[in-house]
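S.K.: Going down the list, the sequences are from chains A and B. Numbering of the first sequence is given in the working numbering, commencing with residue 64 and proceeding in unit increments. Numbering of the second sequence is given in the working numbering, commencing with residue 10 and proceeding in unit increments.
For the record, the hints were derived by calculation from the structure and aren't laboratory data. Computed from a prediction, not measured in an experiment: that's the story for all the values here. Treat the hints loosely; a few may be bogus.
SDA-like, lysine to any residue: derived pairs with alpha carbons at most 20 Å apart [to be verified]:
| id | chain 1 | residue 1 | chain 2 | residue 2 |
| --- | --- | --- | --- | --- |
| 1 | A | 95 | B | 207 |
| 2 | A | 145 | A | 161 |
| 3 | A | 108 | B | 178 |
| 4 | A | 108 | B | 130 |
| 5 | A | 145 | A | 115 |
| 6 | A | 108 | B | 73 |
| 7 | A | 137 | A | 124 |
| 8 | A | 108 | B | 137 |
| 9 | A | 111 | B | 296 |
| 10 | A | 95 | B | 107 |
| 11 | B | 177 | B | 122 |
| 12 | A | 95 | A | 120 |
| 13 | A | 95 | A | 137 |
| 14 | A | 108 | A | 157 |
| 15 | A | 95 | B | 250 |
| 16 | B | 177 | B | 132 |
| 17 | A | 111 | B | 331 |
| 18 | B | 92 | B | 130 |
| 19 | B | 177 | B | 137 |
| 20 | A | 108 | B | 331 |
| 21 | A | 111 | A | 138 |
| 22 | A | 145 | B | 155 |
| 23 | A | 95 | B | 177 |
| 24 | A | 95 | B | 248 |
| 25 | B | 92 | B | 178 |
| 26 | A | 108 | B | 139 |
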Amino acid sequence: MNRLKSVCLVLLLAMPLLAGAQQAQTLDIEVKGMSCPFCVYGVEKRLKQLPEVDSVSVDLRHSRARLTLVPERKPDLDRIRKAILDAGFTPGRVRPVSE
Amino acid sequence: MPDSHPGGSGLSANSPTPMSPPGPLPRRLLLTTVLLAGAPLHTAAAAPITFNTALPVAKGEFVSRLQLVSVASGHDPSGLDRKLSADTAVGVLGYGLTRDLALFGVVPYSDRGLDLRVAGERRHRSADGLGDVSAFGRYTVYQRDWPGRTLRIAPFLGAKAPTGSDDKSDGQGRLPPSVQPGSGSWDGFGGLVSTYQTLDLQIDAQIGYRANGEENGFRAGNELRLDGSIQYRLWPRSLGSGVPGFIYGVLETNLFFRDKNELDGRDDPSSGGTTLFISPGIQYVTRRLILEAALQLPVVQDLHGDALELDYIARGGIRFNF
Numbered sequence: 064m065n066r067l068k069s070v071c072l073v074l075l076l077a078m079p080l081l082a083g084a085q086q087a088q089t090l091d092i093e094v095k096g097m098s099c100p101f102c103v104y105g106v107e108k109r110l111k112q113l114p115e116v117d118s119v120s121v122d123l124r125h126s127r128a129r130l131t132l133v134p135e136r137k138p139d140l141d142r143i144r145k146a147i148l149d150a151g152f153t154p155g156r157v158r159p160v161s162e
Numbered sequence: 010m011p012d013s014h015p016g017g018s019g020l021s022a023n024s025p026t027p028m029s030p031p032g033p034l035p036r037r038l039l040l041t042t043v044l045l046a047g048a049p050l051h052t053a054a055a056a057p058i059t060f061n062t063a064l065p066v067a068k069g070e071f072v073s074r075l076q077l078v079s080v081a082s083g084h085d086p087s088g089l090d091r092k093l094s095a096d097t098a099v100g101v102l103g104y105g106l107t108r109d110l111a112l113f114g115v116v117p118y119s120d121r122g123l124d125l126r127v128a129g130e131r132r133h134r135s136a137d138g139l140g141d142v143s144a145f146g147r148y149t150v151y152q153r154d155w156p157g158r159t160l161r162i163a164p165f166l167g168a169k170a171p172t173g174s175d176d177k178s179d180g181q182g183r184l185p186p187s188v189q190p191g192s193g194s195w196d197g198f199g200g201l202v203s204t205y206q207t208l209d210l211q212i213d214a215q216i217g218y219r220a221n222g223e224e225n226g227f228r229a230g231n232e233l234r235l236d237g238s239i240q241y242r243l244w245p246r247s248l249g250s251g252v253p254g255f256i257y258g259v260l261e262t263n264l265f266f267r268d269k270n271e272l273d274g275r276d277d278p279s280s281g282g283t284t285l286f287i288s289p290g291i292q293y294v295t296r297r298l299i300l301e302a303a304l305q306l307p308v309v310q311d312l313h314g315d316a317l318e319l320d321y322i323a324r325g326g327i328r329f330n331f
């Protein structure tokens, strides 16, 4: 009985970790040179076309695009940077976002 | 000098042109140039209203601009009491071929009228139709980006084709060139545009030159133009998160130096000169579209001979990403 309780407890504690494994990964990437609303459209459109990107939200003030990735897809950082270059801007630092 | 514009951002390489009195010399009133003047060809981003910008068009993406331009003539030193009016819709389509090279096409449609007194009698003549189509390319040769700001320099080069009708007539005979939708000549234009943009403001400067071709023994004067623009964010006063719409207050200047027109190799003494415009305007900018309006007011008109002065040029337009 004690063993069963222990297994249940371990599973309970592990649930957040298991759920986290299914959560979409989120990345912030700096977009240098993006300084008006009309510029944002091209950046968003190019990034949304990437297969690993589920959604994009841009914050102009912080020169940042937040990418929510398709679950279980790994980001191709070179491709993400190229998408920003093709939009006419310069990619900067990339960092994962912990929700 | 695509007049933009669109562009701008230069849509046609034409500029506000002093108008000389009607007479035996054909093409003395080159309203085409007036109408297309400053139609911004470049449409990539928030941009000047009367000329171009160096901001990018994303690779593989289209931008477009439609601008309505209304021109009203002013003082007529010739004594013919000429009243010239022109309303033109200028459509511009831009495409990002690479991240640095953008191509633009410009198509105007205009409705023009000329009233004047001849032998004590008032006459009205008018025409409408598609005008001369322009195409040009712009290549970014310098780009420096920082968080929230950018500096770019881009030369541009293009040509205007004689696609508009230049031989329309009415019951009084062939219409004067100022009323014709097209000029009949091939023209070339080029220049350099520079843009510095931050989250608060944008500054653009352009130098452009237009070389006009000859048709039926007539050549419109070549033109040098210098343009400047500042766009300052009025709203929101402080930036929050996300991508809010911006309202920019706009102030632009356009300085035109135009040579005299030539007919059969001789200068037309009532053509060409120097014009300086001050142009206040306003823009509402979102991700997908820009709504804009400006009024070009001629503060200096140092024109040759009896060239017809301008009263104002009003511009209103929309740009959108798709």
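S.K.: Now tell me, hint by hint, if it's right for this structure.
M.R.: Verification of the hints:
1. A:95 x B:207: Since the Cα atoms of residue 95 of chain A and residue 207 of chain B sit roughly 11 Å apart, the hinted pair holds (cutoff 20 Å).
2. A:145 x A:161: At roughly 24 Å apart (the allowed maximum being 20 Å), residue 161 of chain A and residue 145 of chain A break the hint.
3. A:108 x B:178: Cα-Cα ~49 Å, so violated.
4. A:108 x B:130: violated (60 Å)
5. A:145 x A:115: Distance ~14 Å between residue 145 of chain A and residue 115 of chain A Cα, so the pair holds.
6. A:108 x B:73: holds (16 Å)
7. A:137 x A:124: violated (27 Å)
8. A:108 x B:137: violated (39 Å)
9. A:111 x B:296: holds (15 Å)
10. A:95 x B:107: The given pair, whose Cα atoms are some 18 Å apart, holds under the 20 Å limit.
11. B:177 x B:122: holds (13 Å)
12. A:95 x A:120: Since the Cα atoms of residue 95 of chain A and residue 120 of chain A sit roughly 15 Å apart, the hinted pair holds (cutoff 20 Å).
13. A:95 x A:137: Violated: residue 95 of chain A and residue 137 of chain A sit about 24 Å apart, past 20 Å.
14. A:108 x A:157: Distance of about 19 Å is within 20 Å: holds.
15. A:95 x B:250: holds (17 Å)
16. B:177 x B:132: With Cα atoms ~17 Å apart, residue 177 of chain B and residue 132 of chain B stay inside 20 Å; holds.
17. A:111 x B:331: This hinted pair holds, its Cα atoms lying about 14 Å apart.
18. B:92 x B:130: It holds: about 14 Å lies between the C-alpha atoms, which stays within 20 Å.
19. B:177 x B:137: holds (9 Å)
20. A:108 x B:331: Cα-Cα ~10 Å, so holds.
21. A:111 x A:138: Holds. Residue 111 of chain A to residue 138 of chain A sits at ~13 Å (cutoff 20 Å).
22. A:145 x B:155: Measuring from Cα to Cα gives roughly 17 Å; hence the hint holds.
23. A:95 x B:177: violated (52 Å)
24. A:95 x B:248: With a Cα-Cα distance of about 17 Å, the restraint between residue 95 of chain A and residue 248 of chain B holds, given a limit of 20 Å.
25. B:92 x B:178: Answer holds: residue 92 of chain B to residue 178 of chain B is near 19 Å, not above 20 Å.
26. A:108 x B:139: Cα-Cα ~34 Å, so violated.
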